[in-house]
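Participant: Okay, here's what each chain looks like letter by letter:
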Amino acid sequence: MNILQTKGVKKAFEKFIALNGIDLEVKEGEIHSIIGPNGAGKTTFFNLISGKLKATAGKIYFNEEDITGKPPHEIAQKGIARTFQIVNIFLNLTVLENIMISILNIRKKTFDFFPSPQTQNYINEETFKILKVIGMENQAYTLAGKLSHGDKKKLDMGIGLAQNPKILLLDEPMAGLNPIENQAITHLIKKIAGKEKVTIILIEHDVNAVFSISDMVTVFHQGRVIAEDKPEDIRENKLVIEAYLGEEF
Amino acid sequence: MEAVLFIDILYGLSRGMLYFLMASGLTLTFSVMGIINFAHGSFVMVGAYITWSLIQWTGVTWPFIAFLILSGIIVGVIGVWIEIFLLRRIYKAEQLYQLLLTFVLILIIDGLALEIWGGSFRSMVLPRYLAGGVSIAGRPFPKYFLFILFSSICIAIILWVFLYKTKFGKVSRAAAMDAEITSTLGINVSLIYCGMFAMGVALAGFSGGLGLAMSCLSLGIGANIIVICFAIIVIGGMGSLKGSLIASLILGVFESFGDHYFPKLAMALPFILMSLILIIRPQGLFGEKE
Amino acid sequence: MNHKKWQVLAIYIFVIILLSVFPIILPSFGLYLLNEILIYAIFSYAFYFLFSHVGYLSFGQAAYFAVGAYSVALMYKHVSSTIWLPFLTAITVTFIVAFIIGYLSVRVTKVYFAFLTLAFAQMIYTILFLWQSFTGGDDGIPNVPRGYLNIYFMKINLESAHNFYYFTLIIFAILIFILRKLITSYFGLALRSIRENIERASFVGFNTHRYVLIAFIISAVYSGIAGALQASLAKMAYPELSYWSTSGEPILMTLIGGIYSFSGPFIGALLYIFLKTYLMAIIGNWVLFLGIVLLILLLFFRGGVMGFFEQKFGIEL
Chain A
1 MNILQTKGVK
11 KAFEKFIALN
21 GIDLEVKEGE
31 IHSIIGPNGA
41 GKTTFFNLIS
51 GKLKATAGKI
61 YFNEEDITGK
71 PPHEIAQKGI
81 ARTFQIVNIF
91 LNLTVLENIM
101 ISILNIRKKT
111 FDFFPSPQTQ
121 NYINEETFKI
131 LKVIGMENQA
141 YTLAGKLSHG
151 DKKKLDMGIG
161 LAQNPKILLL
171 DEPMAGLNPI
181 ENQAITHLIK
191 KIAGKEKVTI
201 ILIEHDVNAV
211 FSISDMVTVF
221 HQGRVIAEDK
231 PEDIRENKLV
241 IEAYLGEEF
Chain B
1001 MEAVLFIDIL
1011 YGLSRGMLYF
1021 LMASGLTLTF
1031 SVMGIINFAH
1041 GSFVMVGAYI
1051 TWSLIQWTGV
1061 TWPFIAFLIL
1071 SGIIVGVIGV
1081 WIEIFLLRRI
1091 YKAEQLYQLL
1101 LTFVLILIID
1111 GLALEIWGGS
1121 FRSMVLPRYL
1131 AGGVSIAGRP
1141 FPKYFLFILF
1151 SSICIAIILW
1161 VFLYKTKFGK
1171 VSRAAAMDAE
1181 ITSTLGINVS
1191 LIYCGMFAMG
1201 VALAGFSGGL
1211 GLAMSCLSLG
1221 IGANIIVICF
1231 AIIVIGGMGS
1241 LKGSLIASLI
1251 LGVFESFGDH
1261 YFPKLAMALP
1271 FILMSLILII
1281 RPQGLFGEKE
Chain C
2001 MNHKKWQVLA
2011 IYIFVIILLS
2021 VFPIILPSFG
2031 LYLLNEILIY
2041 AIFSYAFYFL
2051 FSHVGYLSFG
2061 QAAYFAVGAY
2071 SVALMYKHVS
2081 STIWLPFLTA
2091 ITVTFIVAFI
2101 IGYLSVRVTK
2111 VYFAFLTLAF
2121 AQMIYTILFL
2131 WQSFTGGDDG
2141 IPNVPRGYLN
2151 IYFMKINLES
2161 AHNFYYFTLI
2171 IFAILIFILR
2181 KLITSYFGLA
2191 LRSIRENIER
2201 ASFVGFNTHR
2211 YVLIAFIISA
2221 VYSGIAGALQ
2231 ASLAKMAYPE
2241 LSYWSTSGEP
2251 ILMTLIGGIY
2261 SFSGPFIGAL
2271 LYIFLKTYLM
2281 AIIGNWVLFL
2291 GIVLLILLLF
2301 FRGGVMGFFE
2311 QKFGIEL
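Residue numbers (the working numbering), protein chains in the order written: chain A, 1 to 249; chain B, 1001 to 1290; chain C, 2001 to 2317.
Simulated from the structure, these hints should not be mistaken for laboratory data.
Quantities reported herein were computed from a predicted structural model and do not represent experimental measurements.
A couple of the hints might just be wrong.
List time: in silico EDC-like cross-link candidates among lysine to aspartate or glutamate, alpha-carbon distance up to 16 Å [as the list claims (entries may be wrong)]: (1) A:146 - C:2196; (2) C:2110 - B:1094; (3) A:7 - A:65; (4) C:2110 - C:2196; (5) B:1264 - C:2138; (6) A:191 - A:215; (7) A:52 - C:2199; (8) A:132 - A:196; (9) A:7 - A:23; (10) C:2181 - A:112.
Cβ-Cβ distance ranges computed for the label pairs, FRET-style [unchecked claim]: (11) C:2156 - B:1091: 47 to 57 Å; (12) A:190 - C:2099: 45 to 55 Å; (13) A:122 - B:1084: 47 to 57 Å; (14) A:14 - B:1168: 20 to 30 Å; (15) A:65 - C:2081: 52 to 62 Å; (16) C:2156 - B:1088: 49 to 59 Å; (17) A:92 - C:2109: 11 to 21 Å; (18) B:1059 - C:2099: 52 to 62 Å.
Residues on chain B that point at chain C, a partial pick, calculated with CB under 10 Å [what the hints assert, rightly or not]: (19) 1086; (20) 1097; (21) 1106; (22) 1227; (23) 1231.
Note that beta-carbon positions come from the ideal geometry of N, C-alpha and C, so glycine has one too.
The shape of chain A in the complex, shown without the other chains:
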């Protein structure tokens, strides 16, 4: 079943056409990666799906429902969460609070001014569950701004995960990480997809990581899809190689 489908999605910034007709299908439960040279339109694509930008043309369907042009908070509430290329967390709140915010919203408890002990326990439990998945229970009371870069990225993912999403959009989760942190994130992504059964759409430059975990890979180049296949087959694809190497000439 297609959990996400885009048809002819275009995005133009006045004269500059960032996306020129993207048709994409993502199956439920898969890890679907989007790769391509810089400026290919990958983040713009995420921005369209998550509601940050409005598509100039085309449609986006989530579970057969048309979500084109809806505002970010509505899309988030329907079940699509995203992380950001440049770490976008709540720096002056603790790690615990960062996650709890997400949980409070999804469980609709923000207006509960006199939460019963059961509610409080429930919220705390759910928060710690997520902290456990991302391996940060011991840093619960650390201020997010004081975390290492790798931990901030993990927290970013945690906030998205805490939204209990059906789709998690990960925008370059491995950017700026050292090999150890990189492995940890890769492992985390696999865990989220497997155990938590979240569909993952991933933008990444680390091609090795992408090929090792993805079920499907789509290649963007200059606003268009130039290839879409299983990882093994993308490796051999002439167009893809040209797109990447072509940059060097």
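Since the structure of chain A is provided, determine the placement of chains B and C on it from the hints.
Facilitator: This is chains B and C only, laid out in the frame that chain A set:
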């Protein structure tokens, strides 16, 4: 009947151009630096006081426009000083603290003005060649308003040439769009900010002197002025100079008709227009959508 | 974390007791001042809530202060002599005005928002000034009575300075308690996340406009209650209550007391009103003096008086 209409419109245009000069400085500082200078009205007031003082000292011996230009320059220099020693410290902090700073500046500028000029009302005597009226379409029209119209248009043209034809102007507009990228091109963005702020307040000072003859000068006028500038910027669109021009002219003409036919309402006119725009088109006539 | 909660509660109760006891030893002028301090503290808390916990700067809370004041003044003059109806009217009218202005204002960026709030406040000033038949125009509404407080069988005359002081104190205590609850609740956390990163908050699923609007209305209603109390205390309402300089006072007080501390607005109101009363006679140019003090605070002591103490002694009030 047509003559009356024409006169009203002419009044409105002069007034509108004066408003534009006042508001343009605010629009410029916002579009380039992203801060709203709440003390802008105080700068207008200071310009008016400086013009008054210059005239007191020298008698009306120089051409009137020289006083205005000199006031503008003096206020501009004050602006440079303020930008370097005060605003710059706060750029790194959040924008909201910059706003608070400009709010506090109102107190400081008004306080200093009280020290220097005292609290009594001032008024100005126009030089002979600018006083009195001329006959337009068979009706009397004050010469001074023609002077306002003429000099404002000149300044506006100079401003346009500066922003669109000179290197500094083009670079400033680039910095307005994206300061980070502009600085990577090797351009000294701090210098641009300083220059733009100075220019903005210089315009304010000039327009203060220009408007001096139209009413009494006292310490409280800064507030009325900033309010009108606010309304103009909301109506025209934040950061759009073209928007400020159109909005100023519209407001000037509407107020002129208002004065003639509904005097009581004239005071509320800026807000009525402002509210309408906010409901119908929140980004202003020429503003950019979020 | 619970330990801290009891600490704060203890301090709160202590302060309330102190404030209850003072009137016995103060001369009538001092009582008036203290009363005013409480009122302006409420006004400052309104600003503090919106700025420190949601990150939105409002330069126009004088609008709601004035609306509250005029509501009470007009209700007393034309309708009722007990206190409930005028105050309820003040709250209701302030709520409605804030809803309209807030709805239009929260859709824009924080900087534009600050700007808009000021413009709207001046608009209300203009309306109050011009609508002479209803609001009394430039003269305002003089001789506002304080009315009676009817509880069960008791009829307490609020004209007495002592009675009105305790009335103010009780309202103050209740409002501060509610605010504290709001801040420490899940709702408060949601607001802080909006303050920290409004973009991310919306991507997490918060309808940020709605949350900011709610906070804005709460802030406005607090200002309106303060205005209602002020009109009763000073026994008059006039257009300047809506002027931008009135909007500036809670900002200045909170800056002085400490923008990051819960006790900041109260301490700020205390210091400001004391200083203003006793120094204004000595210092000729009060406006300049105030401006310089605030400039120094903004540049070097952004945490205000409480911020300074907290840094030195490591406590958090």
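Participant: It remains to establish, for every hint, whether it holds in the given structure.
Facilitator: Outcome of the hint check:
1. Among the hinted pairs, residue 146 of chain A with residue 2196 of chain C is consistent with the structure: their alpha-carbon atoms are about 15 Å apart, no more than 16 Å.
2. Straight-line distance between C-alpha atoms of residue 2110 of chain C and residue 1094 of chain B comes to about 11 Å, which keeps the hinted pair within the 16 Å bound.
3. Simply put, residue 7 of chain A and residue 65 of chain A have alpha-carbon atoms about 13 Å apart, close enough for the 16 Å limit, and the pair holds.
4. A threshold of 16 Å between alpha carbons decides the hint, and for residue 2110 of chain C with residue 2196 of chain C the separation of about 13 Å falls inside it, so the pair holds.
5. A C-alpha spacing of about 14 Å is found between residue 1264 of chain B and residue 2138 of chain C, which places the hinted pair at or below 16 Å, so the restraint holds.
6. Pair hint residue 191 of chain A plus residue 215 of chain A holds up; C-alpha atoms about 14 Å apart against a cutoff of 16 Å.
7. Between the alpha carbons of residue 52 of chain A and residue 2199 of chain C the distance comes to roughly 9 Å, so the proposed pair stays at or under 16 Å and holds.
8. Distance restraint check for residue 132 of chain A and residue 196 of chain A: the Cα-Cα separation of roughly 13 Å lies within the 16 Å cut-off, and the hinted pair is therefore satisfied.
9. At most 16 Å may separate the alpha-carbon atoms for a hinted pair to count; residue 7 of chain A and residue 23 of chain A meet this at roughly 5 Å.
10. Note on residue 2181 of chain C and residue 112 of chain A: the hinted pairing holds, with a Cα-Cα distance of about 11 Å set against a maximum of 16 Å.
11. A C-beta distance of roughly 55 Å is found between residue 2156 of chain C and residue 1091 of chain B, which places it inside the suggested range of 47 to 57 Å.
12. In this structure the supplied range 45 to 55 Å holds for residue 190 of chain A paired with residue 2099 of chain C, their Cβ-Cβ distance being about 49 Å.
13. Here the CB-CB span from residue 122 of chain A to residue 1084 of chain B is close to 56 Å, well matched to the stated 47 to 57 Å.
14. Judged by the Cβ atoms, the range 20 to 30 Å given for residue 14 of chain A and residue 1168 of chain B holds: they are separated by roughly 26 Å.
15. Between residue 65 of chain A and residue 2081 of chain C the C-beta distance comes to about 59 Å, which sits within the given range of 52 to 62 Å.
16. In this structure the supplied range 49 to 59 Å holds for residue 2156 of chain C paired with residue 1088 of chain B, their Cβ-Cβ distance being about 56 Å.
17. Between residue 92 of chain A and residue 2109 of chain C the Cβ separation comes to about 20 Å, which falls inside the hinted range of 11 to 21 Å.
18. Remark: the range hint 52 to 62 Å for residue 1059 of chain B to residue 2099 of chain C is upheld by a beta-carbon distance near 58 Å.
19. At its closest, the beta carbon of residue 1086 of chain B sits 8 Å from a beta carbon of chain C; the interface hint therefore holds under the 10 Å criterion.
20. With a cut of 10 Å, the hint placing residue 1097 of chain B at the interface with chain C holds, because the nearest CB-to-CB distance is about 7 Å.
21. Hint status for residue 1106 of chain B: holds, given a least beta-carbon distance of 8 Å to chain C, under 10 Å.
22. At its closest, the beta carbon of residue 1227 of chain B sits 5 Å from a beta carbon of chain C; the interface hint therefore holds under the 10 Å criterion.
23. With a cut of 10 Å, the hint placing residue 1231 of chain B at the interface with chain C holds, because the nearest CB-to-CB distance is about 7 Å.
Violated hints for the displayed structure: none, as all numbered hints are satisfied.
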